[in-house]
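Just so you know, the sequences run in chain order A and B. Counting from 185, one number per residue, gives the positions in the first sequence under the numbering used here. Counting from 185, one number per residue, gives the positions in the second sequence under the numbering used here.
Hints were generated in silico from the structure; no laboratory data involved. All the pointers check out, no bait thrown in.
Which copy is meant is left open, so a pair is good if it fits within one copy or across any two.
Straight-line alpha carbon distances no greater than 30 Å define the calculated DSSO-like cross-link-like pairs of lysine-lysine that follow:
#1 K254 with K367
#2 K380 with K274
#3 K257 with K393
#4 K316 with K339
#5 K222 with K397
#6 K397 with K257
#7 K393 with K301
#8 K222 with K393
#9 K254 with K393
#10 K230 with K341
#11 K393 with K339
#12 K271 with K222
#13 K341 with K319
#14 K345 with K274
#15 K305 with K271
#16 K254 with K397
There are 2 protein chains.
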Amino acid sequence: MQRYFLEDSLSLDQQTVQVTGDVAHHIIRVMRMNKGDKAYLVFQNKQSFLAEIAKLESAEVIFALLEEEKEVKELPVDVTIAHGFPKGDKLELIVQKATELGAHSVLAFPSDRSIAKWDAKKLLKKQERLTKIAKEAAEQSQRTYQPLIDLLDTKQKLLKKFQDYDFVMVAYEEAAKQGECFKLASFLTKIKRHTKILVIFGPEGGLAKEEVKMFLAHEAFIVGLGPRILRTETAPLYFLSAVSYELELRLKN
Amino acid sequence: MQRYFLEDSLSLDQQTVQVTGDVAHHIIRVMRMNKGDKAYLVFQNKQSFLAEIAKLESAEVIFALLEEEKEVKELPVDVTIAHGFPKGDKLELIVQKATELGAHSVLAFPSDRSIAKWDAKKLLKKQERLTKIAKEAAEQSQRTYQPLIDLLDTKQKLLKKFQDYDFVMVAYEEAAKQGECFKLASFLTKIKRHTKILVIFGPEGGLAKEEVKMFLAHEAFIVGLGPRILRTETAPLYFLSAVSYELELRLKN
Numbered sequence: 185m186q187r188y189f190l191e192d193s194l195s196l197d198q199q200t201v202q203v204t205g206d207v208a209h210h211i212i213r214v215m216r217m218n219k220g221d222k223a224y225l226v227f228q229n230k231q232s233f234l235a236e237i238a239k240l241e242s243a244e245v246i247f248a249l250l251e252e253e254k255e256v257k258e259l260p261v262d263v264t265i266a267h268g269f270p271k272g273d274k275l276e277l278i279v280q281k282a283t284e285l286g287a288h289s290v291l292a293f294p295s296d297r298s299i300a301k302w303d304a305k306k307l308l309k310k311q312e313r314l315t316k317i318a319k320e321a322a323e324q325s326q327r328t329y330q331p332l333i334d335l336l337d338t339k340q341k342l343l344k345k346f347q348d349y350d351f352v353m354v355a356y357e358e359a360a361k362q363g364e365c366f367k368l369a370s371f372l373t374k375i376k377r378h379t380k381i382l383v384i385f386g387p388e389g390g391l392a393k394e395e396v397k398m399f400l401a402h403e404a405f406i407v408g409l410g411p412r413i414l415r416t417e418t419a420p421l422y423f424l425s426a427v428s429y430e431l432e433l434r435l436k437n
Numbered sequence: 185m186q187r188y189f190l191e192d193s194l195s196l197d198q199q200t201v202q203v204t205g206d207v208a209h210h211i212i213r214v215m216r217m218n219k220g221d222k223a224y225l226v227f228q229n230k231q232s233f234l235a236e237i238a239k240l241e242s243a244e245v246i247f248a249l250l251e252e253e254k255e256v257k258e259l260p261v262d263v264t265i266a267h268g269f270p271k272g273d274k275l276e277l278i279v280q281k282a283t284e285l286g287a288h289s290v291l292a293f294p295s296d297r298s299i300a301k302w303d304a305k306k307l308l309k310k311q312e313r314l315t316k317i318a319k320e321a322a323e324q325s326q327r328t329y330q331p332l333i334d335l336l337d338t339k340q341k342l343l344k345k346f347q348d349y350d351f352v353m354v355a356y357e358e359a360a361k362q363g364e365c366f367k368l369a370s371f372l373t374k375i376k377r378h379t380k381i382l383v384i385f386g387p388e389g390g391l392a393k394e395e396v397k398m399f400l401a402h403e404a405f406i407v408g409l410g411p412r413i414l415r416t417e418t419a420p421l422y423f424l425s426a427v428s429y430e431l432e433l434r435l436k437n
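Looking at chain A on its own, in the form it has when it is part of the complex:
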């Protein structure tokens, strides 16, 4: 069923919702939905409702809220991916897949080995496009939260953000080469709900030693992601899948 993220918050006794703008356009012109058709509406506070179209006009749709969606679609912890600017449009793949896999946010930053040099104008344009990709992926994967995208223009800004998280990890491929394979599982098996995690990935060619040192000096720790060398865009998908497997599938057993 179609799912729409709305910019509204929901008031306590609200029974109907008026939808205009892009979402109304999509419902009326793209999906050609009719009175009585249903969709999920997701509000800013992450509440999600099954709703039925009560009235359609040329650029406005009125929904009657039927019932709140009960299943939890969000990871029990907040995972933010911080990715060194990769080449070309790989960040689009990363944002789309990280959203499907439950990421809370995706940051990107100019890493020492990043080939891409994006100026402020380009960053803004990219960020808009990536935000749209995250929104579509969140709708498609039936999430109740739309990941935030933030493209940083300096590494210092990433360091400043460390204080917003309970833990900062660095996925460092040298760790895989040296056989580091303990930290991630030992961390995930002890983690508490709602923990805020930042995990940093390098671009093609990986993180530079100096960068890793700097992250470690700011209380980050290194995790290995298994014995094979993963491409830059594959590593965050492995990480998020492991978090989901541990906390959504395994802990329930």
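Fit chain B to the given chain A structure using the hints.
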């Protein structure tokens, strides 16, 4: 370090290896390597050696074998992905990523909702291209095994293959919708080394009910991959990451 998959097997006392053809071309013309340079050579029996160039000629390289690579790069179980033909070139992404994540083989088959209709000629051409992608991804991710790619022209051929595996699983998105989240973890925590697993994924739009019924009638079982709906190309990556996390990271703790 560069890694090459050779078609040779290694005899017991062999000290040197003569390399010709594409691999020699890559070493001489693309990488412009010299006498004394090193690379990993992977033989048909999955043995992998650090080797040094002893002699270079115009189309031939002689390597001296230095030492066998000790670290295990392969998953402790054989996972074969069977994917309903997806749209466009998504199978390329699936093969590349599944190889990085340790898949033993990738099969693809015409699923009821597959839009792609590929005739025998097209299948053969695709299979060649995908085999090359798997080889490159195996080299890049430092594996010691190059996944086999097999594009089947009927679903019956897939059913026939069930007998080659210890377990057959179906990743069915309706399972996610119904909250199935127990089977995969309860399976992986009990699995034995060298188990052969086949896991089936649908194309865009998912597997049809009738197909799933048929697979189940042939002793397959359904697994859910968490509460979010994953795109067709994302689901196998989640599955392989979960297998790696459970068997390569978690079990070692």
